[in-house]
Amino acid sequence: MPFIPHTEDDIRAMLEAIGVARIIGVARIDDLFDEIPANLKGGALSRIPPALSEAEIARLMLERAEQDGRYLNFIGAGAYEHHVPAAVWQIVSRGEFYSAYTPYQAEASQGTLQLLYEYQSMMTSLTGLEVSNASLYDGASALAEAVLMAVRAHKTSRRVLVPATVHPAYRRVVKSIVRNQGIEIVELPYCTERGHTLPESLAVHLGQDIAALVIPQPNFFGVLEPVDELTRWAHANQALALALVNPVTLALLSAPGEWGGEGADVAVGDGQPLGIPLSSGGPYFGFMCCKKELVRQMPGRIVGRTVDRDGKPGFTLTLQAREQHIRRSKATSNICTNQGLMVTAATIHMAILGPEGLKRVAEKSHANTMDLLQRLTGISGVKRCFTGPVMHEAVVTLPAPAADVLRALRAQGILGGADLGPHFPELGHAVLVCATETKTEQDLARYAEHLARIAAKRQEAPPCARKTPIKP
Amino acid sequence: MLIFELSRPGRGNFHQAPAKGAGLDDIPQNLMRKSPPRLPEVSEMDAVRHYTRLSQKNFSIDTHFYPLGSCTMKYNPRACNSLAMLPQFLARHPLAPEETGQGFLACLYELQEILKDVTGMAGVSMAPMAGAHGEFAGVAMIRAYHESRGDTARSEIIVPDAAHGTNPATATMCGYKAVEIPTTKEGNVDLAALRAAVGPRTAGLMLTNPSTLGVFEEAIQEVQKIVHDAGGLLYYDGANLNAILGRVKPGDMGFDVIHMNLHKTFSTPHGGGGPGAGPVGVNERLLPFLPLPVVARDKGACRLLVEQDRPQSIGRLSAFLGNPGVLLRAYVYARMLGAEGMRRVADFATLNANYLMAELKKAGFEVAFPMRRASHEFIVTLKAVKEETGVSAMDFAKRLLDYGFHAPTTYFPLLVPECLLIEPTETESKETLDAFVAAMKNILEEARGNPELVKGAPHTTPVRRLDEVKAARELDLAWKQAP
Chain V
1 MPFIPHTEDD IRAMLEAIGV ARIIGVARID DLFDEIPANL KGGALSRIPP ALSEAEIARL
61 MLERAEQDGR YLNFIGAGAY EHHVPAAVWQ IVSRGEFYSA YTPYQAEASQ GTLQLLYEYQ
121 SMMTSLTGLE VSNASLYDGA SALAEAVLMA VRAHKTSRRV LVPATVHPAY RRVVKSIVRN
181 QGIEIVELPY CTERGHTLPE SLAVHLGQDI AALVIPQPNF FGVLEPVDEL TRWAHANQAL
241 ALALVNPVTL ALLSAPGEWG GEGADVAVGD GQPLGIPLSS GGPYFGFMCC KKELVRQMPG
301 RIVGRTVDRD GKPGFTLTLQ AREQHIRRSK ATSNICTNQG LMVTAATIHM AILGPEGLKR
361 VAEKSHANTM DLLQRLTGIS GVKRCFTGPV MHEAVVTLPA PAADVLRALR AQGILGGADL
421 GPHFPELGHA VLVCATETKT EQDLARYAEH LARIAAKRQE APPCARKTPI KP
Chain L
473 MLIFELSRPG RGNFHQAPAK GAGLDDIPQN LMRKSPPRLP EVSEMDAVRH YTRLSQKNFS
533 IDTHFYPLGS CTMKYNPRAC NSLAMLPQFL ARHPLAPEET GQGFLACLYE LQEILKDVTG
593 MAGVSMAPMA GAHGEFAGVA MIRAYHESRG DTARSEIIVP DAAHGTNPAT ATMCGYKAVE
653 IPTTKEGNVD LAALRAAVGP RTAGLMLTNP STLGVFEEAI QEVQKIVHDA GGLLYYDGAN
713 LNAILGRVKP GDMGFDVIHM NLHKTFSTPH GGGGPGAGPV GVNERLLPFL PLPVVARDKG
773 ACRLLVEQDR PQSIGRLSAF LGNPGVLLRA YVYARMLGAE GMRRVADFAT LNANYLMAEL
833 KKAGFEVAFP MRRASHEFIV TLKAVKEETG VSAMDFAKRL LDYGFHAPTT YFPLLVPECL
893 LIEPTETESK ETLDAFVAAM KNILEEARGN PELVKGAPHT TPVRRLDEVK AARELDLAWK
953 QAP
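In order, the protein sequences belong to chains V and L. First residue of the first sequence? That's 1 in my numbering, and the numbers climb one at a time after it. First residue of the second sequence? That's 473 in my numbering, and the numbers climb one at a time after it.
Wrong hints could be hidden among the right ones.
[Claimed, not checked] Below, a list of computed lysine-lysine pairs in the DSS-like style, where the Cα atoms sit at most 27 Å apart: (1) L:K649 to V:K312; (2) L:K913 to L:K927; (3) V:K312 to L:K506; (4) L:K649 to V:K175; (5) L:K855 to L:K834; (6) V:K312 to L:K952; (7) L:K833 to L:K913; (8) V:K330 to L:K942; (9) V:K291 to L:K506; (10) L:K952 to V:K292; (11) L:K833 to L:K657; (12) L:K697 to V:K41; (13) L:K858 to L:K927.
[As the list claims (entries may be wrong)] Restraint-style ranges between C-beta atoms, simulated for each label pair: (14) L:P672 to V:L62: 43 to 51 Å; (15) L:M504 to V:T387: 47 to 55 Å; (16) L:D662 to V:A44: 32 to 40 Å; (17) L:K833 to V:A38: 23 to 31 Å; (18) L:S627 to V:S201: 33 to 41 Å; (19) V:L62 to L:E658: 46 to 54 Å; (20) V:E262 to L:M504: 14 to 22 Å.
Derived by calculation from the structure, the hints in this document are not laboratory data. Think of the CB as a built atom: it goes at the ideal place given N, C-alpha and C, for glycine as much as any other residue.
Using the sequences provided together with the hints, build the complete structure.
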């Protein structure tokens, strides 16, 4: 019996101790279910296959993994391929981290609690804000929680401005999470030439009662937003400034806590670039930092340092009066556990990389993307889409439909970027490309060579023409 | 010692990062960072030692019996971890085309089908990333269903007073008012109170069955009828699904929508507080509203259903696919159990709980519902012990740590005074349960003979009881460099 240690003798002795045998005559585990109405019991499990041994499931999983293969990846768009030191996941996989629960019993969870305190310290330093929680589910749901938090803090307004340069999946998640609470999400247009939100475009909202303005940096297109102007605009209009940032780029870019003089009020984002593998989309983790005065509006677990009864320093969950298990329907969120193990990875990752290592990763990722851009835009018909400065990724337009070109690249083992067609049809044949520090010069050259060949072919003979059947 | 206190300027691991010297001339100066973040500067070995030592300060399933009620802390098979972390799975980008992920998607599709079968639901979406996230999706679907029928007067969600705090908090997040109803002294939903509470404002009822009191709701069919007759829907909180896995299907009990905690019932790790996975299952009438994505298989090829396929969906809950790495672990677990193994989960979880309850009763402990059969967990109340000795449930919990056992859940559910909610799970042996009973017996003797010893516990952990008032009043939430 997989993962059940009971022997026949154990079962007999246990049923006897329970007293089942004396009542029924022959002891059976079935009799322990005697309070469940008979007509509800015993539904067939016809679609669940028979058990596999560990060797059999290992073989099946390996076959499936190999079937999927590996590609040379130039897609970013919210999930970034970075080197992760081997030590990170070896420590994360230790049973003491892997198989522990939420640290409710602080004395038996000092490892997890101290690690979370160190994580909070690292994140507050990266974002330049005073407080961090112990994580949320992912970047998109963290943004939704930030919107809810801003509305709670603002008190009069339920309107939040969200630029169209925010990741389209994030915008959809925000909508699905806040829609039932009467919150109005207003989308801000972007400058089609430079690729960022124009502070001038906010003029139509002057004088309106606005709870918050979301400011992505870099934005979904990789373009840098005028964060200082946008933050100042938000504060001048009594709105909170919600920063949406990539934690690795924060090694180079100004911290949200420094934006526009007073600083953004809340910073959120996805922690995946800090040591979390791509894994088809998760698990990742969302981070959230804020100014001290907003801490009681913050959702999620928070760890504090205190002392024990001997005066020895120690760590515990704190400010739990915000949370669902105490406040029930009045809680700041229904969230309880978060993405603890992912935060464990991120903390160890940041400790090993240090400030200089993280900076080098960010610099090299940027340099590789700029190098790739130069190579790609040297190809006839390939252009940079926006003129604004970029960080880590950028949009290029292709001379032929993006889906088609990306398919041809895939046949060569290359994932050439994210097709923007479905979300930004106005941009034409646009692709968002990203080359992190994991890419070598040969990788960049290989991408450019294949794209040049594919683009030339498409320009000569567009795919629709090629599809015409040739009559003998 | 904090990692920051090990830090020395200039120390680092530059073999882990690319070479220096990439230019940033194209970035406007005003957008650049002014001072570097205060991350630790330590050697790789410093970091490895520091975090290995921290790990050793934790209790965990791999090191200790962890009978935390309602959390299902069972063994997390190692194969689930290593097979979910095959390099190809880890390297796949979420936006890589579906053709490059057919092996991965086949696992997800088959897991979805297994979850449908074992819960008796018509459709499953694995988008939610935790139990509470699943609850949100479930109640949002209830809302979308009523709204799609123009039935917009329904503004209340009913929850029993024994429910997890997430239930009323979820109702609020979905724009509903939570209405609590009482529990009878046998631990069932008070049917008279339920009848009085339902009406044209009822959107639905959220129920955990077996409940957090550790007993099966005997009148579930009656409860179901009352709620449905009032036009409400029935939500199954899957927190305790382990108790009935393979034995009873929530769909057969009449539930319209459910969530499952894969980090409980399907043995994916709790990870010190996540990541979990909280798939939702629905019956026919809620199918159109399932959150996206949902995995479909057509002529052998898997694909993710999107907005065009499901225009009435409540939408997306995560940037990509939820927590697929967790889903892979649950898939490996489900395949290793098979149908027969799944049935044994409920059998042996129930056997262990009833055995432990019987032995604790024999040892002189008072259980909260002695007239009832335990499900996979049960409640001991220490009210009389506290009156007699002054030793509380919290003191017992802390003293158990000294005996090398993680504490049961304390002071939940709120309606049983001085309670310990104990869930042994099916993966523990009789010897472990016997050792736990012996420890409880010893502590009871200590409470009577030397109460201060128990009140002062724990004595053997890295720290003793912490000053939580100081933690909340003098907030110290991040390390600051000494000036």
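The hints, checked one at a time:
no.	hint	verdict
1	L:K649 to V:K312	44 Å, violated
2	L:K913 to L:K927	16 Å, holds
3	V:K312 to L:K506	36 Å, violated
4	L:K649 to V:K175	21 Å, holds
5	L:K855 to L:K834	17 Å, holds
6	V:K312 to L:K952	18 Å, holds
7	L:K833 to L:K913	10 Å, holds
8	V:K330 to L:K942	24 Å, holds
9	V:K291 to L:K506	19 Å, holds
10	L:K952 to V:K292	14 Å, holds
11	L:K833 to L:K657	19 Å, holds
12	L:K697 to V:K41	19 Å, holds
13	L:K858 to L:K927	11 Å, holds
14	L:P672 to V:L62: 43 to 51 Å	56 Å, violated
15	L:M504 to V:T387: 47 to 55 Å	19 Å, violated
16	L:D662 to V:A44: 32 to 40 Å	34 Å, holds
17	L:K833 to V:A38: 23 to 31 Å	27 Å, holds
18	L:S627 to V:S201: 33 to 41 Å	38 Å, holds
19	V:L62 to L:E658: 46 to 54 Å	51 Å, holds
20	V:E262 to L:M504: 14 to 22 Å	19 Å, holds
The earlier numbered hints that this structure contradicts are 1, 3, 14 and 15.
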